[in-house]
Amino acid sequence: MFEDIMENIIVKHPLVHCITNYVTVNDVANVLLACGASPIMADDEKEAEEITSICTALNINIGTLNSRTVKSMLAAGKKANELSHTVVLDPVGAGASAFRTKTTFELLEKVKFSVIRGNISEIKTVDKGCGTTQGVDADVSDAVTDENLEEAVAFAKGLSRKTGAVIVITGAIDIAADSEKAYVIRNGNPAMSKVTGTGCMLSGMVAAFAGANKGKTLLAATAAVCTMGLAGELAFKRIEEEDKGTSTLRAYIIDEISRMTAGRLEGGARIEVK
Amino acid sequence: MFEDIMENIIVKHPLVHCITNYVTVNDVANVLLACGASPIMADDEKEAEEITSICTALNINIGTLNSRTVKSMLAAGKKANELSHTVVLDPVGAGASAFRTKTTFELLEKVKFSVIRGNISEIKTVDKGCGTTQGVDADVSDAVTDENLEEAVAFAKGLSRKTGAVIVITGAIDIAADSEKAYVIRNGNPAMSKVTGTGCMLSGMVAAFAGANKGKTLLAATAAVCTMGLAGELAFKRIEEEDKGTSTLRAYIIDEISRMTAGRLEGGARIEVK
Amino acid sequence: MFEDIMENIIVKHPLVHCITNYVTVNDVANVLLACGASPIMADDEKEAEEITSICTALNINIGTLNSRTVKSMLAAGKKANELSHTVVLDPVGAGASAFRTKTTFELLEKVKFSVIRGNISEIKTVDKGCGTTQGVDADVSDAVTDENLEEAVAFAKGLSRKTGAVIVITGAIDIAADSEKAYVIRNGNPAMSKVTGTGCMLSGMVAAFAGANKGKTLLAATAAVCTMGLAGELAFKRIEEEDKGTSTLRAYIIDEISRMTAGRLEGGARIEVK
Numbered sequence: 001m002f003e004d005i006m007e008n009i010i011v012k013h014p015l016v017h018c019i020t021n022y023v024t025v026n027d028v029a030n031v032l033l034a035c036g037a038s039p040i041m042a043d044d045e046k047e048a049e050e051i052t053s054i055c056t057a058l059n060i061n062i063g064t065l066n067s068r069t070v071k072s073m074l075a076a077g078k079k080a081n082e083l084s085h086t087v088v089l090d091p092v093g094a095g096a097s098a099f100r101t102k103t104t105f106e107l108l109e110k111v112k113f114s115v116i117r118g119n120i121s122e123i124k125t126v127d128k129g130c131g132t133t134q135g136v137d138a139d140v141s142d143a144v145t146d147e148n149l150e151e152a153v154a155f156a157k158g159l160s161r162k163t164g165a166v167i168v169i170t171g172a173i174d175i176a177a178d179s180e181k182a183y184v185i186r187n188g189n190p191a192m193s194k195v196t197g198t199g200c201m202l203s204g205m206v207a208a209f210a211g212a213n214k215g216k217t218l219l220a221a222t223a224a225v226c227t228m229g230l231a232g233e234l235a236f237k238r239i240e241e242e243d244k245g246t247s248t249l250r251a252y253i254i255d256e257i258s259r260m261t262a263g264r265l266e267g268g269a270r271i272e273v274k
Numbered sequence: 001m002f003e004d005i006m007e008n009i010i011v012k013h014p015l016v017h018c019i020t021n022y023v024t025v026n027d028v029a030n031v032l033l034a035c036g037a038s039p040i041m042a043d044d045e046k047e048a049e050e051i052t053s054i055c056t057a058l059n060i061n062i063g064t065l066n067s068r069t070v071k072s073m074l075a076a077g078k079k080a081n082e083l084s085h086t087v088v089l090d091p092v093g094a095g096a097s098a099f100r101t102k103t104t105f106e107l108l109e110k111v112k113f114s115v116i117r118g119n120i121s122e123i124k125t126v127d128k129g130c131g132t133t134q135g136v137d138a139d140v141s142d143a144v145t146d147e148n149l150e151e152a153v154a155f156a157k158g159l160s161r162k163t164g165a166v167i168v169i170t171g172a173i174d175i176a177a178d179s180e181k182a183y184v185i186r187n188g189n190p191a192m193s194k195v196t197g198t199g200c201m202l203s204g205m206v207a208a209f210a211g212a213n214k215g216k217t218l219l220a221a222t223a224a225v226c227t228m229g230l231a232g233e234l235a236f237k238r239i240e241e242e243d244k245g246t247s248t249l250r251a252y253i254i255d256e257i258s259r260m261t262a263g264r265l266e267g268g269a270r271i272e273v274k
Numbered sequence: 001m002f003e004d005i006m007e008n009i010i011v012k013h014p015l016v017h018c019i020t021n022y023v024t025v026n027d028v029a030n031v032l033l034a035c036g037a038s039p040i041m042a043d044d045e046k047e048a049e050e051i052t053s054i055c056t057a058l059n060i061n062i063g064t065l066n067s068r069t070v071k072s073m074l075a076a077g078k079k080a081n082e083l084s085h086t087v088v089l090d091p092v093g094a095g096a097s098a099f100r101t102k103t104t105f106e107l108l109e110k111v112k113f114s115v116i117r118g119n120i121s122e123i124k125t126v127d128k129g130c131g132t133t134q135g136v137d138a139d140v141s142d143a144v145t146d147e148n149l150e151e152a153v154a155f156a157k158g159l160s161r162k163t164g165a166v167i168v169i170t171g172a173i174d175i176a177a178d179s180e181k182a183y184v185i186r187n188g189n190p191a192m193s194k195v196t197g198t199g200c201m202l203s204g205m206v207a208a209f210a211g212a213n214k215g216k217t218l219l220a221a222t223a224a225v226c227t228m229g230l231a232g233e234l235a236f237k238r239i240e241e242e243d244k245g246t247s248t249l250r251a252y253i254i255d256e257i258s259r260m261t262a263g264r265l266e267g268g269a270r271i272e273v274k
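Chains as they are written, first to last, in UniProt numbering: chain V, 1 to 274; chain R, 1 to 274; chain E, 1 to 274.
Treat the hints loosely; a few may be bogus.
As the list makes no split between identical chains, a pair holds if one copy fits it or if it spans any two.
As a list, the in silico EDC-like pairs of lysine to aspartate or glutamate whose alpha-carbon atoms are at most 20 Å apart [stated by the list, open to error]:
id, residue 1, residue 2
1, K102, D178
2, K216, E240
3, K71, E49
4, K79, E109
5, K78, E147
6, K71, E45
7, K194, E7
Rather than coming from a laboratory, the hints here were simulated on the basis of the structure. What you are looking at is a predicted structure, and each value in this text was computed from that prediction instead of being measured.
All chains should be built: construct the whole structure from the sequences, respecting the hints.
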């Protein structure tokens with residue numbers, strides 16, 4: 001299922017332009033190298049377009065946004081669209097402040113995204129910025145669970161229809177969906193929530209995976225979600241054995257991503273099609 | 001002694017708004033998650049007040065300050081005061097440049113802090129910004145030692161009286177004091193000075209511990225200091241056994257914080273009341 | 001060969017002012033502590049000169065430059081020159097955008113560097129900013145190899161003549177050269193390219209090593225290059241034994257630097273004089 005996806009990353013070695021927050025930027029860079037891609041971080045308007053031009057994909061993360069970097073996000077996003085590059089949005093904290101929500105809406109209006117990845121609360125904020133709200137929204141309140149899974153999948157497909165982007169909702173259960181098809185992914189470990197940046201790292205990987213696999217965005221994004229989840233499981237098992245804590249968990253997650261193969265991924269992925 | 005303090009963090013899961021330097025920001029975020037709190041980093045004036053409003057505590061660290069972030073510190077600090085949130089100041093490098101000293105003084109003038117944490121040199125600079133200097137200041141020159149401990153404790157209590165904040169002075173011997181009472185803490189290991197950010201991480205933890213324990217600020221700050229020191233001791237023991245160096249020490253410090261319990265802390269804390 | 005160099009770092013404990021990118025800044029700070037130096041990060045124009053004044057060396061890295069920090073780089077660079085401090089340039093991504101190239105040229109024009117360290121592509125961009133190009137340039141295309149080593153060494157010596165700086169070109173084979181003499185260093189491991197920041201960390205170490213060894217800049221820079229390469233070899237050996245990945249490799253590189261001694265370095269260094 002993921003063999004071509006994984007091979008394309010190694011072969012194409014995609015360069016990913018990241019305009020991302022300074023909290024997790026080092027982990028994002030290291031995870032991109034770990035999965036076979038290359039990172040370039042550049043957040044100034046003076047070079048945003050030019051840097052994006054030499055890349056395969058653009059990863060926009062609003063985690064520690066400010067007026068200066070928002071301009072760069074818009075400039076890079078438009079240029080990446082012109083060049084038909086893969087563009088990923090990680091709307092960190094959308095809904096938590098008017099500035100983040102407004103910036104998310106402005107990005108959605110001016111840039112066409114290939115993938116939008118966030119937790120359910122961020123993705124619901126994204127939905128509010130995309131015209132008329134749908135009935136299903138209200139049913140997916142705090143978390144995606146087995147009880148509201150059908151509604152959550154319908155919501156993700158609906159938002160994909162509205163935005164044209166693959167929608168990735170991460171949590172205890174992950175969903176990756178385009179307007180027609182959804183994958184439900186049950187990899188990962190709850191301890192991952194004790195490590196900052198697993199979401200940011202995943203968005204970077206989604207940009208790399210999708211950038212190296214044009215025309216297969218949904219499958220590529222799903223492979224990235226499974227890779228992160230499986231790495232989390234393997235890493236957690238190891239820290240339990242070695243009696244270690246959350247910082248070593250973080251290191252082992254990246255370690256496992258650097259050692260991931262298509263075979264290993266296929267063996268460990270827990271995916272269902274909806 | 002620390003059972004309630006530790007339990008409140010787990011139960012209340014405080015959200016801590018950090019306006020902090022970009023050198024150690026990832027470690028601060030990870031240590032907050034490790035100790036049972038949650039971090040949110042936001043340094044732009046456009047959202048500083050709003051983000052602080054949804055939090056329990058605010059952690060201001062001037063490590064890599066600039067004109068843009070100083071405005072956000074002031075705005076967030078005032079808003080946090082209005083809402084009676086816990087507010088911590090980490091005056092990194094105060095005294096090393098006029099800009100840092102001036103910013104420290106401006107923050108002290110316009111924001112009421114619950115806790116101020118720094119090394120002796122930074123705290124002495126803080127003292128200079130708080131009106132008339134006291135006689136004891138001159139006696140605590142470079143480091144807190146057994147020889148000048150009484151003077152240092154008196155100095156900390158005096159500064160607490162002037163500022164209304166709990167004063168935490170860290171070094172080989174740590175002091176946490178309000179105007180009446182001081183705890184002298186002898187946990188930690190000299191190798192911790194070979195890891196950047198143990199001070200920044202501690203300030204983040206102090207914000208979380210005090211935020212979850214309103215009305216017990218001194219005891220909460222002391223618990224945070226002990227937690228960091230004991231984690232350092234345990235981490236150092238382990239890198240010695242495993243023949244490792246300073247980067248693994250950093251990881252193991254956070255690991256130990258993520259595995260800390262009230263029982264473990266009480267067993268390892270070396271505290272004296274002054 | 002390196003005994004005095006290494007001892008001077010421990011004895012003089014140089015304070016290194018870094019104006020560096022936010023991607024790898026934490027690793028740079030930790031590696032400076034690991035090798036026996038101390039870091040201070042300060043990138044605002046309001047304090048750049050003052051902070052540099054209290055330091056031994058200045059490390060300018062343009063990895064995530066912006067208009068605000070470029071001003072600080074120029075101000076700090078000029079002040080460091082006035083005070084005859086060691087000044088290192090790491091022209092990250094020079095050639096990748098007009099902004100980075102222009103900034104590199106402006107820095108070269110207005111600041112006198114003690115050492116310039118980059119990969120071959122960055123150093124070739126530096127050369128373009130230094131007046132008339134030399135014939136050898138074209139021959140050193142993508143990487144320094146055994147085939148083009150003589151040309152690369154001649155190029156490095158020529159650029160040192162033009163800039164007055166020791167030139168350090170890193171890659172599979174590393175070169176450190178002044179106008180008269182070059183060291184070719186064959187330490188390191190290809191897996192190091194899967195870790196972000198080994199170059200940035202090395203530039204920080206070069207600033208520390210050269211700052212503590214005035215008058216021996218070439219030898220000090222060479223010692224730093226060997227230290228990083230040997231640490232990479234030892235770290236790689238260990239992750240192979242322990243079945244780990246790239247994040248642990250990063251940690252072990254810093255671990256090995258923190259455990260490096262002159263004896264260990266002499267035993268492992270693979271150097272040739274050209």
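Alpha-carbon proximity context of K102 and D178, limit 20 Å: Neither. Shortest intra-copy (24 Å) and inter-copy (43 Å) distances fail the 20 Å Cα cut-off.
Which holds for K216 with E240 at a C-alpha limit of 20 Å: within a copy, between copies, both or neither? neither (36 Å within a copy, 34 Å between copies)
For K71 and E45, with the copy left unspecified, which applies at a CA distance of at most 20 Å: within, between, both, or neither? both (6 Å within a copy, 16 Å between copies)
Using 20 Å as the alpha-carbon threshold, which applies to K78 and E147: within, between, both, or neither? neither (39 Å within a copy, 43 Å between copies)
Go through the copies and call it for K71 and E49: within, between, both or neither, with a Cα cutoff of 20 Å. Answer is within: at 11 Å inside a copy they meet the 20 Å cutoff, but 22 Å across does not.
For the identical chains here, do K194 and E7 meet the 20 Å Cα criterion within one copy, between copies, both, or neither? between (31 Å within a copy, 17 Å between copies)
Under a CA distance limit of 20 Å, which applies to K79 and E109: within one copy, between copies, both, or neither? For K79 and E109, only the intra-copy Cα distance (15 Å) is at most 20 Å; the inter-copy one is 32 Å.
Taken one by one, the earlier hints fail for this structure at numbers 1, 2, 5, listed in ascending order.
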